[in-house]
Amino acid sequence: MSIKISDIGIYIKLNSNSKFGSVYEIFLKHFNYKKHRYVHIVYSGNFLEEIYLFTEKIKANSVFIIFEPLIIDNVENLKRLYAKGVDIIIVDALKNVNIKYLREHLPEDILLIKEKKEEEFLAYEKLIKRYPFLIENSFFEPIKRKIWIDLTNLRRKLRVKEIGESYTSSGI
Amino acid sequence: MGVVIDKRPLIFLFLQRYYKFFILIGIFFSFIYLLKIKPEGISIEGYRVSLVFILTAVLWSTNLIPTAITSLLVLVLIPGLSILPAKKTFAFFGNEPLFFVLSSFIIAVATEKSGLSKRITLLVLLKGSKNTKKLAFSIYITGFSMSFFMPEHAVAVLLLPIVKNIIETLKIDKGNSNLGKLLFLSLAYGTIIGGITTFLGGARNALAVGLLEEIGGIKISFIEWLKYSVPFVSMLFLSGFCVIYLIFKPEKIETEELLKEIRRKIEMLPPFTFTELITILIIFLTITGWVLIGHKGIGLAGVAILSAVLFFIFGVIEWKDAERGINWSAFFMYGSAITLGTVYSQTDAGLFLINKIDLNRITPFFFILIMGGIAIFLTEFISNATVVALLLPIALKTGMSLGIDLKILTASVALMSGLAFVLPIGTPSHLICYSTGYYGIKDSIKSGLILNLLSIFFLYITLKYLWTR
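If you read the sequences in order, they're chains A and B.
Numbering that gives the first Met the number 0 applies: residue 0 is where the first sequence begins, and numbers increase by one.
Numbering that gives the first Met the number 0 applies: residue 0 is where the second sequence begins, and numbers increase by one.
Hints are computed from structural coordinates only; laboratory data are not their basis.
Be a bit skeptical, because a hint or two may be false.
Unchecked claim - Listed next, with one range per pair, are the computed distances between beta-carbon atoms:
1) B:L9 / A:N31: 52 to 58 angstroms
2) B:I31 / A:L52: 43 to 49 angstroms
3) B:V3 / A:S43: 24 to 30 angstroms
4) A:N60 / B:V3: 54 to 60 angstroms
5) B:K441 / A:I127: 49 to 55 angstroms
6) A:N73 / B:R7: 19 to 25 angstroms
Beta carbons are placed, not taken as given, at the ideal position from N, Cα and C, and that holds for glycine.
So here's chain A without its partners, still in its complex pose:
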């Protein structure tokens, strides 16, 4: 497990044996919404409940999540990550995976990119086009980022249905 804090993002490397609770506490200690525009999670473990819960907790802080899985067994894992708040998936490490297949099963809201080195992905053209404020330095950048995150959360809420979800109606 490792955690690196840069000027604009937080880099977290995890595996199945990582202590997610402690990592989250360290994250909270260092996270500054105005400064940190994204959280880059590199994960090399099996997709157990803990990683989804961890992602969900990170997302609750209104931050972009870039997720880089080093291994993957099926696209359902990525769908669940999207449901929990992942905005960008780095697929470079997934050498045997058909990107076209992923694109068919994941919504267009989620961006798939290939650059795997920390912060090099910031130069990725499609990313800059979609999220220009990630590299922007202006007074309004945090506001634009918050609006964008809220919009993507709304889109996620509209698209995602977790099986077993129940609907309630108001009234008597």
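Based on these hints, arrange chain B on the given structure of chain A.
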């Protein structure tokens, strides 16, 4: 847990999820637009209260916003639209029937908590459990006959915990069971139909007779009332159960095992407790109070409140039990329904409706039928007593000019105003049963509309062949 991602266009998903909001916006703008229209032939207050009436009916029946919130909205709209000052509006909310309903919830909780309802349930079940049809009919006929001597909502309150216990014993789920729907609708409709038979069944009958005396100078006795009500009620009683049984044919439930289980449970009951004895005494005093002094002095609500107080004094229930048992949505809904109905009756909105009728083209027979039809329609939205208070004075005044038998006219309006089969807000006994959640608004609309049509048909029959002889 799996995840399904809906890849349809976002705009479609957005409209699908938030359609209620857009409908509400549409309703809001329509309401504002209609408010700007200058009405003719009706006062501005009468016009505005009619709009509030329609808006409330739409919101209550569609549930676009929670029922209780719509109810509170009424208290804002009436003074906000200068129909009536806020003080008077809020004063109407704190009316006697509302506190009767509140106390009724508390009495029901006490009857349940004391264990008395469980004991009575088991004895009732033993008699009526040969099959589900007999069970439902025994509840129906019990509610019906008790409503001759007690206000129908009081009967619903007394029998509710018993029916709830039956439901629990049979392990019936909310919402999915035809038997659950049948049992609670049997209780609701049994009390509604029984409640129109005598003066004791509901305040509306006594009010109607009082208005007849005041406006028409004619008295009608308890026995004479039965001459009008019994033929009509008899037809409705028989068809009422048939309709709900045919619509909500209950699922097959093994009753033999149920009977064995009931006998076993009766044997396992503890000896009769002091709490049960106190509960019986308080209920006896309550019923006596309702019959003897319910129409004067402290009234029905006063007796019900005292009854609730006694339950607390003797430790039958605690406040947290009452909190759990009070259906606050129903409470606010009923208070607002009475407020709205009372405010409505104080304006010329009702008269405006009546004036739209070309009286020259209407025979006396047809006029009575129309009044009955209007009564059964209005009573779905406002309280029975308010329908009588609103409609009967106008009907009597018009009837006098048409040379109509005012007793028959009074009976038609009063009887039909008591039949709120469709919407739970129409009458407390229906609301009390509906608030259990075992049947939905669609169920009561389905059965209620058929019964409403049958009621109008039976009114026609009794008018043509029985009352006018």
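Hints and how they fare:
A hinted range of 52 to 58 angstroms for the beta carbons of B:L9 and A:N31 is inconsistent with their spacing of about 32 angstroms. Remark: the range hint 43 to 49 angstroms for B:I31 to A:L52 is upheld by a beta-carbon distance near 47 angstroms. With their beta carbons about 28 angstroms apart, B:V3 and A:S43 fall inside the hinted range of 24 to 30 angstroms. For A:N60 and B:V3, the Cβ-Cβ distance of about 26 angstroms falls outside the hinted range of 54 to 60 angstroms, so the restraint is violated.
Judged by the Cβ atoms, the range 49 to 55 angstroms given for B:K441 and A:I127 holds: they are separated by roughly 53 angstroms. Take A:N73 and B:R7: their Cβ atoms lie about 23 angstroms apart, and the range 19 to 25 angstroms holds.
The structure fails to meet hints 1, 4 from the earlier list, while all remaining hints are met.
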